[in-house]
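Q: These are the residues of each chain, in order.
2 protein chains.
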Amino acid sequence: MELWLSEEHTPGYRVQWRVRKVIYCTKSRFQDIAIVEMQDFGRALVLDGIVQTTIADEFYYHEMIAHVPLCSHPKPLSVLVIGGGDGGAVREVLKHNLVKRVVLVEIDEAVVSACREYLPELSAGLDDPRVSLVITDGQGYLEGCINEFDVILVDSPDPIGPAAELFAGDFYASIFTALKDDGLFAAQTESPLFNREIFSRVVASVKCLFPIVRPYLTVVPTYTSGYWSFTIGSKKYDPLQPLRPVDWSGAKFYRSAVHRAAFELPLAVGNLVPGWLGTPPGVAKETTAGRK
Amino acid sequence: MELWLSEEHTPGYRVQWRVRKVIYCTKSRFQDIAIVEMQDFGRALVLDGIVQTTIADEFYYHEMIAHVPLCSHPKPLSVLVIGGGDGGAVREVLKHNLVKRVVLVEIDEAVVSACREYLPELSAGLDDPRVSLVITDGQGYLEGCINEFDVILVDSPDPIGPAAELFAGDFYASIFTALKDDGLFAAQTESPLFNREIFSRVVASVKCLFPIVRPYLTVVPTYTSGYWSFTIGSKKYDPLQPLRPVDWSGAKFYRSAVHRAAFELPLAVGNLVPGWLGTPPGVAKETTAGRK
Chain V
2 MELWLSEEHT PGYRVQWRVR KVIYCTKSRF QDIAIVEMQD FGRALVLDGI
52 VQTTIADEFY YHEMIAHVPL CSHPKPLSVL VIGGGDGGAV REVLKHNLVK
102 RVVLVEIDEA VVSACREYLP ELSAGLDDPR VSLVITDGQG YLEGCINEFD
152 VILVDSPDPI GPAAELFAGD FYASIFTALK DDGLFAAQTE SPLFNREIFS
202 RVVASVKCLF PIVRPYLTVV PTYTSGYWSF TIGSKKYDPL QPLRPVDWSG
252 AKFYRSAVHR AAFELPLAVG NLVPGWLGTP PGVAKETTAG RK
Chain C
2 MELWLSEEHT PGYRVQWRVR KVIYCTKSRF QDIAIVEMQD FGRALVLDGI
52 VQTTIADEFY YHEMIAHVPL CSHPKPLSVL VIGGGDGGAV REVLKHNLVK
102 RVVLVEIDEA VVSACREYLP ELSAGLDDPR VSLVITDGQG YLEGCINEFD
152 VILVDSPDPI GPAAELFAGD FYASIFTALK DDGLFAAQTE SPLFNREIFS
202 RVVASVKCLF PIVRPYLTVV PTYTSGYWSF TIGSKKYDPL QPLRPVDWSG
252 AKFYRSAVHR AAFELPLAVG NLVPGWLGTP PGVAKETTAG RK
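Those protein sequences? They're chains V and C, same order as listed.
Counting in the numbering used here, the first sequence runs from 2 upward without gaps.
Counting in the numbering used here, the second sequence runs from 2 upward without gaps.
Next up, chain V with everything else stripped away, as it sits in the complex:
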């Protein structure tokens, strides 16, 4: 029997992975959860039929969501991760020796359990004494937080199902309040090609709240078309230049030079950012004044 996991990105574009074995599947209060063994990408976490992360390329995503914001803050002592119940982002956060405390807020305990059992490469960090796990919704958790965190990471699935509220304007206002006066946050903000409107809308929402807003790009091969965006909102520090080089072994993707390069948006993406050309101080203005 040939099993293929099929993901429809649009009604006219889909990706299919051959699955050697369905290792685990369950239905939680929030979603369908599966762990599968893919032929070419190793084990994968699948939520409501959408591949969230695979062993083969999870580090592309987790290193870029964690190290870019963490290396942009001079003293990230207290870090909140919203979503990311697989533990991959937490694992990367823990590589920063300055970090004293990590709170992981995940809405679905069943995701954490499945990843603890079947994806230890991602979830191992959850047992670190610096980590507290809180099972609740991100927005609800934030309502009790004022001036508490140095860095917040929003490691959400696509904005459908339980994660939809993590892309709303109210949510970013709560993030702002939960951050210290010099805090910053990074959120995954979807494909800058397939989800142009979401990307553009989130950047605009964050711009209404934070004085410094910087979208950045990377590649996550198993995500739609590979091209992926994150957005940083910061109260004080501009993330364009990392403040520290990486000082841990085991990095597979992130380098200081990659950090800097990630903020250089191509025209097709930059043009989705409200007020892009001219205003952002770190983005060199280009001459596009017409062919002579």
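Please keep in mind that the hints were generated in silico from the structure rather than gathered at the bench.
Model, not experiment: these values are computed from the prediction.
Where is the CB? At the ideal position from N, CA and C, for every residue including glycine.
Any given hint might turn out to be false.
Here are some of the chain V residues that sit facing chain C, going by a computed Cβ distance under 8 Å [claimed, not checked]:
1) 11
2) 13
3) 17
4) 19
5) 23
6) 40
7) 75
8) 121
9) 125
10) 194
11) 222
12) 253
13) 258
14) 265
15) 269
We have chain V; now place chain C onto it with these hints.
A: Only chain C this time, still in chain V's reference frame:
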């Protein structure tokens, strides 16, 4: 009837595009050629069942294969394009006012005819008086060329079928001879994830011949997993810094900042480049000396 074009990237990973209409198809001496109308990506050129370029994202590829090398040469008067019978790379080359002469060498006249008829957005530049079209194989054409071109672009399909010889060591030796004493070339060198061995081997081959070798990366959403590599071999000029800003309208992707950023390889890709860390002068050495 639902038509889906299916592309197998590995035996366990494939991508499918819904096709509204097969506009044209023929079998040339070299390959099956089709022009299709995709639901989400506009018209596309398909050779032997593999999508070569689509209207929706062709500029990601064509701007990056052309402008990075062209902007790295102070006086690119004479340019050779090998492959790329669709005309997309030539179109971008012609945006550089310094260019006086472009030779397009394409092995398969039927590709050029199909693109002239059905993909005028790409092929229109072929009628420019600066362009000469030569229908022959790239290696054969190069045998008659000594010290002739400032810049050569190798815009080849995957290294199977008629394009296989465009990835061999002999081919790069012929490129070297065909370039002037300060010439440089850029070749598409496949996915740095799905075609690691090809990428690594080509970079090594070019390093045996050229004093300056610089792989660079971009995203081409309709190519395997989106992540795509090019490699520049240069006799004199280091391409890390563009020599000119873009001075034409109509660019959709390339900016000088994107040019610079494209050379910053993540660890997972840099580690495929022989002798990468430490040796290349433009690549900052990173501290990865173990977690404290």
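Q: Hints first: check each against the structure and report whether it holds.
A: Each hint, compared with the structure:
Given the 8 Å rule on beta carbons, the hint for residue 11 of chain V holds: about 5 Å separates it from the nearest Cβ of chain C. The criterion of a C-beta within 8 Å of any C-beta in chain C is met by residue 13 of chain V, whose closest approach is roughly 3 Å, and the hint holds. With a cut of 8 Å, the hint placing residue 17 of chain V at the interface with chain C holds, because the nearest CB-to-CB distance is about 5 Å. For residue 19 of chain V, the interface hint holds, the least distance from its beta-carbon to any beta-carbon of chain C being 4 Å, beneath 8 Å.
Among the interface hints, the one on residue 23 of chain V is violated; its C-beta lies about 15 Å from the nearest C-beta in chain C, farther than the 8 Å criterion. The interface hint given for residue 40 of chain V is met, as the beta carbon of that residue sits about 3 Å from the closest beta carbon of chain C, less than 8 Å. Annotation: interface hint on residue 75 of chain V violated; nearest CB of chain C at approximately 17 Å, more than 8 Å. A cut of 8 Å between beta carbons decides the hint on residue 121 of chain V: the least distance to chain C is about 19 Å, and the hint is violated.
The beta carbon of residue 125 of chain V comes no nearer than 14 Å to any beta carbon in chain C, farther than 8 Å, and the hint placing it at the interface is violated. Nearest Cβ of chain C to the Cβ of residue 194 of chain V: about 5 Å, under the 8 Å cut. The hint holds. Restraint check, residue 222 of chain V versus chain C: the minimum CB separation of about 4 Å is within 8 Å; hint holds. Satisfaction of the interface hint for residue 253 of chain V is found here, the shortest Cβ-Cβ separation to chain C being roughly 5 Å, below the 8 Å cut-off.
Nearest Cβ of chain C to the Cβ of residue 258 of chain V: about 4 Å, under the 8 Å cut. The hint holds. For residue 265 of chain V, the shortest C-beta to C-beta distance to chain C is roughly 4 Å, which falls under 8 Å, so the interface hint holds. Residue-level restraint check for residue 269 of chain V holds (minimum Cβ-Cβ distance to chain C is 5 Å; threshold 8 Å).
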